[in-house]
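Peer 1: Protein chains in written order, with numbering that gives the first Met the number 0: chain A, 0 to 490; chain B, 0 to 640.
No lab work stands behind these hints: they were computed from the structure. Don't take each hint at face value.
Claimed, not checked - Incomplete in silico selection of chain A near chain B, CB under 7 angstroms:
| no. | residue |
| --- | --- |
| 1 | L217 |
| 2 | V218 |
| 3 | A278 |
| 4 | V292 |
| 5 | I295 |
To be verified - Beta-carbon label-pair distances, calculated as ranges:
| no. | chain 1 | residue 1 | chain 2 | residue 2 | range |
| --- | --- | --- | --- | --- | --- |
| 6 | A | V423 | B | A591 | 21 to 31 angstroms |
| 7 | A | V412 | B | L600 | 17 to 27 angstroms |
| 8 | A | L460 | B | D116 | 39 to 49 angstroms |
| 9 | A | V423 | B | F578 | 22 to 32 angstroms |
| 10 | A | P374 | B | G607 | 33 to 43 angstroms |
| 11 | B | S588 | A | P105 | 53 to 63 angstroms |
| 12 | A | A50 | B | Y114 | 57 to 67 angstroms |
| 13 | A | M438 | B | F593 | 43 to 53 angstroms |
C-beta: ideal position from N, C-alpha, C; glycine also.
If you want the building blocks of each chain, they are given just below.
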Amino acid sequence: MEFVTPTINILIVLPVLLVAGGGALLMLLELFMAEERVKQWAPTLAIIVLALAFLQTIGLWGQTHTTFTPEGSSPMVILDNFATFLNVIFLLTGFFTVLISVNYLPRVGLNRSEYYMLMLFSLSGMMLMGMANDLILVFLALEVLSIPLYILAGLSRPRPESEESAMKYFFLGAFSSAIFVFGIALTYGATGSTALPAVLAGVSNGGALALAGVAMMLVGFGFKVAAAPFHMWTPDVYEGAPTVVTAFMSVGAKVGGFAAMLRVFVSAFGSLGQTWVPAVAVIAAITLIIGNVVAIVQPNIKRMLAYSSIAHAGYILMAVAASVNSPDGVSAALFYMFAYLFTNLGAFAIAIAAERKLGEGVMLDDYKGLAKRSPLLALAMAYFMLSLTGIPPTGGFSGKFFVFRATLEAGLVWLAVVGVITSVVSGYYYLRVVYLMYMYDGEGELHTKPALLTAVALTVLATLVLGLLPGAWYEITKQAALQGLQVLAGG
Amino acid sequence: MDALQKLMFNFFPLLFLFPLAGLLLNVANGRFWHKPIAGIIASSAAGLSFVVAILQWVALLRQPDGTVIILGTWLQVGTLNVPFAFQVDTLSVTMMLVVTGIGTLIHLYAIGYMYGDPGVTRFFVYLNLFLVAMLLLVSAANYPLLFVGWEGVGLCSYLLIGFWFDRGEGGTGNANAGRKAFVVNRVGDLGLILAMGLLFWQLGTLTFDDVFAQATAVFPVGSPLIVAITLLLLLGAAGKSAQIPLFIWLPDAMAGPTPVSALIHAATMVTAGIYLIARSHVLFALAPVSQTAVSLIGASTALLAATIATAQFDIKRVLAYSTISQLGFMVAAIGMGAYVAGIFHLITHAFFKALLFLAAGSVIHGLEHGGHSDPVTLQDMGQMGGLRQRMPITFAVYLVGALALAGIPPLAGFFSKDEILAAAWQANRAVYIMLTLAAFATAFYMGRQVWLVFMGEARSETAVSAHESPPIMTIPLLILAALAIVGGGLNLPGVHTLGHWLGHTLGHGELLSFNATVALTATLLALLAVGLAYWLYGRHPLGAAATDPLTQRLGPLFVLFNQGWWVNEMVEWGIKRPFCHLSTVLAHSDEAIFAWAERQLVHTVQRGTAVLRRTQTGQLNWNVAGIIVGLLLIWLLLRFS
Chain A
0 MEFVTPTINI LIVLPVLLVA GGGALLMLLE LFMAEERVKQ WAPTLAIIVL
50 ALAFLQTIGL WGQTHTTFTP EGSSPMVILD NFATFLNVIF LLTGFFTVLI
100 SVNYLPRVGL NRSEYYMLML FSLSGMMLMG MANDLILVFL ALEVLSIPLY
150 ILAGLSRPRP ESEESAMKYF FLGAFSSAIF VFGIALTYGA TGSTALPAVL
200 AGVSNGGALA LAGVAMMLVG FGFKVAAAPF HMWTPDVYEG APTVVTAFMS
250 VGAKVGGFAA MLRVFVSAFG SLGQTWVPAV AVIAAITLII GNVVAIVQPN
300 IKRMLAYSSI AHAGYILMAV AASVNSPDGV SAALFYMFAY LFTNLGAFAI
350 AIAAERKLGE GVMLDDYKGL AKRSPLLALA MAYFMLSLTG IPPTGGFSGK
400 FFVFRATLEA GLVWLAVVGV ITSVVSGYYY LRVVYLMYMY DGEGELHTKP
450 ALLTAVALTV LATLVLGLLP GAWYEITKQA ALQGLQVLAG G
Chain B
0 MDALQKLMFN FFPLLFLFPL AGLLLNVANG RFWHKPIAGI IASSAAGLSF
50 VVAILQWVAL LRQPDGTVII LGTWLQVGTL NVPFAFQVDT LSVTMMLVVT
100 GIGTLIHLYA IGYMYGDPGV TRFFVYLNLF LVAMLLLVSA ANYPLLFVGW
150 EGVGLCSYLL IGFWFDRGEG GTGNANAGRK AFVVNRVGDL GLILAMGLLF
200 WQLGTLTFDD VFAQATAVFP VGSPLIVAIT LLLLLGAAGK SAQIPLFIWL
250 PDAMAGPTPV SALIHAATMV TAGIYLIARS HVLFALAPVS QTAVSLIGAS
300 TALLAATIAT AQFDIKRVLA YSTISQLGFM VAAIGMGAYV AGIFHLITHA
350 FFKALLFLAA GSVIHGLEHG GHSDPVTLQD MGQMGGLRQR MPITFAVYLV
400 GALALAGIPP LAGFFSKDEI LAAAWQANRA VYIMLTLAAF ATAFYMGRQV
450 WLVFMGEARS ETAVSAHESP PIMTIPLLIL AALAIVGGGL NLPGVHTLGH
500 WLGHTLGHGE LLSFNATVAL TATLLALLAV GLAYWLYGRH PLGAAATDPL
550 TQRLGPLFVL FNQGWWVNEM VEWGIKRPFC HLSTVLAHSD EAIFAWAERQ
600 LVHTVQRGTA VLRRTQTGQL NWNVAGIIVG LLLIWLLLRF S
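Could you put together the complete structure from these sequences and hints?
Peer 2: Shown next, in the form of structure tokens:
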């Protein structure tokens with residue numbers, strides 16, 4: 000087999016290169032500089048790298064490019080509005096994660112220099128998830144995303160909870176990756192290619208082999224986005240990992256999983272749409288019920304938010320299921336993730352402010368009397384809880400509105416009913432936080448530093464804007480959704 | 000539309016922006032400034048707004064067909080499209096001129112009246128806010144926007160009635176009066192909301208021009224739907240304009256400061272219902288049944304309230320019932336299709352009733368600053384008397400207002416009332432008789448009031464020490480008095496200035512010719528009533544602690560009138576109490592049925608949660624098993640779908 004150099008357009012992958020390069024630079028700096036200096040400058044450097052990548056990404060909005068095209072084959076990498084929009088989500092996730100980590104890590108004694116490096120590496124994998132136009136690249140991106148997260152989950156070694164969480168995450172992640180690769184292999188067997196356009200062309204004639212491939216890849220994605228019944232790692236990992244890592248994971252890894260899932264399922268497996276819609280819809284319903292119902296009995300805010308994040312995966316899965324028969328499915332999913340980014344990171348920011356020492360102050364009872372100790376932060380937390388419940392005027396409400404509308408448009412009435420009922424149930428555990436904050440007395444100080452307060456202020460503002468003026472933003476997600484699919488369908 | 004006219008229409012948004020800026024300035028800086036500055040800012044804002052209204056009027060003089068000014072999109076939901084659109088035509092500009100013109104005078108007056116009150120900044124903020132809402136109401140080009148203004152003035156009314164919220168009976172009397180006004184108005188609002196719903200359902204639009212253009216095609220004359228719509232609109236109007244059976248809030252609303260009674264509860268806000276019906280005249284023309292209902296309700300309100308006014312002792316309550324009665328005249332007029340007469344009376348009434356209220360306020364103010372400050376005795380006409388010498392300007396203008404209201408020629412009230420009576424003579428004799436009787440009672444109670452307050456000897460210490468109010472209060476009074484004298488010139492018989500002007504909007508109907516019989520009858524009856532008042536109260540002025548001679552003459556009727564025909568009590572026993580009982584019953588059954596079901600639901604969820612939680616063991620082998628089960632599930636779903 001002759002090796003052919005593919006044509007490469009660096010400009011297109013520049014945001015990814017910047018982020019990954021920033022991580023590599025941090026690693027190299029440790030060779031030349033004192034560790035303390037590196038630790039001191041790492042957050043700044045991360046912010047600069049993210050800002051540069053952000054500017055480059057924004058500049059690419061509205062453009063469509065492909066690159067890494069092997070001779071006689073489809074391009075490996077595609078950059079369209081869909082990928083650009085998701086890259087914006089990832090870069091914002093990174094940005095907010097840095098803001099909430101700066102003061103937290105030294106405070107709880109976790110100021111390890113590898114933290115920002117690993118975060119940037121994982122981020123580059125997430126960005127590639129949305130840009131992959133080949134199943135092999137999807138898998139590569141998935142691993143680049145996951146492996147740094149395994150290490151990050153165990154960052155607070157030798158704390159047993161953290162080590163347990165890292166080990167469990169790694170074992171189950173490896174297991175599901177194996178299933179995912181198996182799914183790619185079966186799909187290759189059924190269609191003769193791993194390039195998404197070729198898969199699209201061949202998959203409907205692939206028979207049982209192709210169906211098995213679809214099933215296994217669904218399991219792989221389901222694990223990454225924490226959909227039931229592939230969610231069982233989530234509460235343990237979310238609880239055991241340092242809270243900033245949990246925050247990063249709860250948005251980044253989830254949206255990363257959905258980025259590739261939307262690309263692969265909605266376009267490459269689009270011709271099998273009517274076949275996989277019931278499966279995704281049932282998974283969505285199970286996820287909604289388990290996530291929302293089990294969250295009720297969690298006494299720990301991190302575990303509660305873990306089940307909550309499972310539930311939100313369910314709502315996004317509703318939109319994925321709706322995307323086959325409704326033109327609004329993909330854009331609803333994108334909007335939902337955009338709103339979820341701000342609300343969830345905002346809620347985590349306050350959880351971080353309330354965490355006294357590593358693993359202390361994370362019980363729901365610790366939120367008693369927060370409103371008296373810090374009225375503004377309590378108000379922000381209450382607002383995020385309302386947004387997570389889906390009460391207007393919040394981004395969370397707008398997101399749920401678009402998702403339910405798409406679900407109804409797609410004719411999945413039963414699923415929409417499940418979504419609405421479980422939303423009501425979710426009010427129980429979200430509003431309990433508000434209740435504890437305002438109706439009780441309690442003590443304990445909050446760790447509020449300018450960086451964290453900036454993150455809270457920005458996320459509140461974004462949630463409010465998405466709640467009050469959802470129309471304009473929905474138009475943007477609409478453009479992202481349509482263009483992504485058109486290009487791929489055209490090959 | 001020529002360039003100059005366009006230019007003047009460009010100034011239209013300033014109509015709202017001036018009072019809005021005034022209130023924002025006062026909200027932001029009120030606590031830092033000397034108190035009188037708040038009043039000066041608010042009055043300047045009102046005055047500038049009046050200038051803008053004049054500009055709009057000048058613009059219309061050049062081309063009176065009017066225009067619609069669209070400032071942006073407000074609501075766009077499905078097929079419902081509601082822009083920030085404003086109707087500048089002869090009807091709305093007339094209302095704007097009345098609102099801002101009288102509003103400015105009352106703002107000025109209030110600087111003096113409210114001087115020294117600790118809440119004066121708050122007062123002027125509310126007053127400016129009221130102007131914004133009222134101007135929105137009269138200039139909106141669609142029903143939803145009108146409704147915003149409609150609710151806005153309702154809110155301001157509530158806030159201003161309860162302005163002295165810590166006063167009144169038991170310390171909560173004023174607050175309760177505000178709440179009563181708000182709740183009763185909500186009953187009317189319900190009618191307006193339902194009417195809007197029906198209109199949108201049938202026509203798919205709520206913009207005035209489109210609604211009126213389509214209504215004639217969609218609704219046959221007298222069809223049940225248009226009758227329902229117009230009756231619902233009438234319900235809304237009855238709430239705002241204090242008509243039977245919703246008038247009970249207005250007398251209580253006198254708890255507010257007197258400038259508020261003048262501006263909101265006499266001259267402007269309470270005329271919103273008349274404006275609403277006049278604006279929707281195309282719809283009412285399609286429903287003759289509703290028109291008859293409108294004129295009968297108006298006429299009976301006019302008579303009922305006039306009888307009540309004859310037996311009141313509170314100086315402001317007499318005027319309040321008089322306002323209800325005069326609103327009844329206007330409603331009766333527009334019900335008969337005499338829109339011009341109705342609006343004409345609205346304008347002249349705004350002049351002389353604002354004058355009367357402000358003059359009454361001047362009386363109260365004069366008594367209050369004589370050293371006593373119990374608001375009940377301050378307003379009790381039995382405690383007054385002989386104020387003619389002590390407050391000469393107030394007496395003079397009060398007399399002008401009273402004569403205008405009584406319908407004595409050539410004052411303003413004579414011409415407008417006469418037009419309504421002439422229209423009633425042609426249209427409906429029952430209405431004519433009721434209105435004529437009401438006019439007779441009007442002249443009588445105004446005569447009674449003038450004699451009780453100003454003539455004879457002072458009947459209390461308070462009245463002895465009264466003195467004239469400062470010029471900031473008397474100058475607006477003099478201006479209003481001049482308007483009350485010459486206001487009739489707006490629409491003289493045979494000339495019909497206002498008739499031609501409003502015709503551009505309301506349609507050029509047949510202009511009423513002067514009916515000498517009606518005019519003569521009305522004048523003679525008014526003079527007779529004044530004479531009767533003189534006979535009862537003027538020949539032998541009432542002594543201190545003497546009972547009203549009317550008590551004996553009317554016997555049980557006097558009690559009936561004095562108690563307001565017990566309408567309040569009827570509402571209390573017929574509606575409020577049964578409603579409260581029903582609420583209690585429902586609250587108990589809610590506790591019994593729904594709270595029980597709720598608890599059961601919670602138990603079920605908790606039990607289910609406990610079961611589900613047991614599956615979440617966190618053990619690795621269970622997790623792997625879960626993944627495999629999930630894979631099998633997906634495989635089955637893919638296979639068999």
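Peer 1: Could you run down the list of hints and mark each one as holding or not?
Peer 2: Tested hints:
no. : hint                                : in the structure
1   : L217                                : holds (5 angstroms)
2   : V218                                : holds (5 angstroms)
3   : A278                                : holds (4 angstroms)
4   : V292                                : holds (5 angstroms)
5   : I295                                : holds (5 angstroms)
6   : A:V423 x B:A591: 21 to 31 angstroms : holds (23 angstroms)
7   : A:V412 x B:L600: 17 to 27 angstroms : holds (22 angstroms)
8   : A:L460 x B:D116: 39 to 49 angstroms : holds (41 angstroms)
9   : A:V423 x B:F578: 22 to 32 angstroms : holds (31 angstroms)
10  : A:P374 x B:G607: 33 to 43 angstroms : holds (37 angstroms)
11  : B:S588 x A:P105: 53 to 63 angstroms : holds (60 angstroms)
12  : A:A50 x B:Y114: 57 to 67 angstroms  : holds (59 angstroms)
13  : A:M438 x B:F593: 43 to 53 angstroms : violated (23 angstroms)
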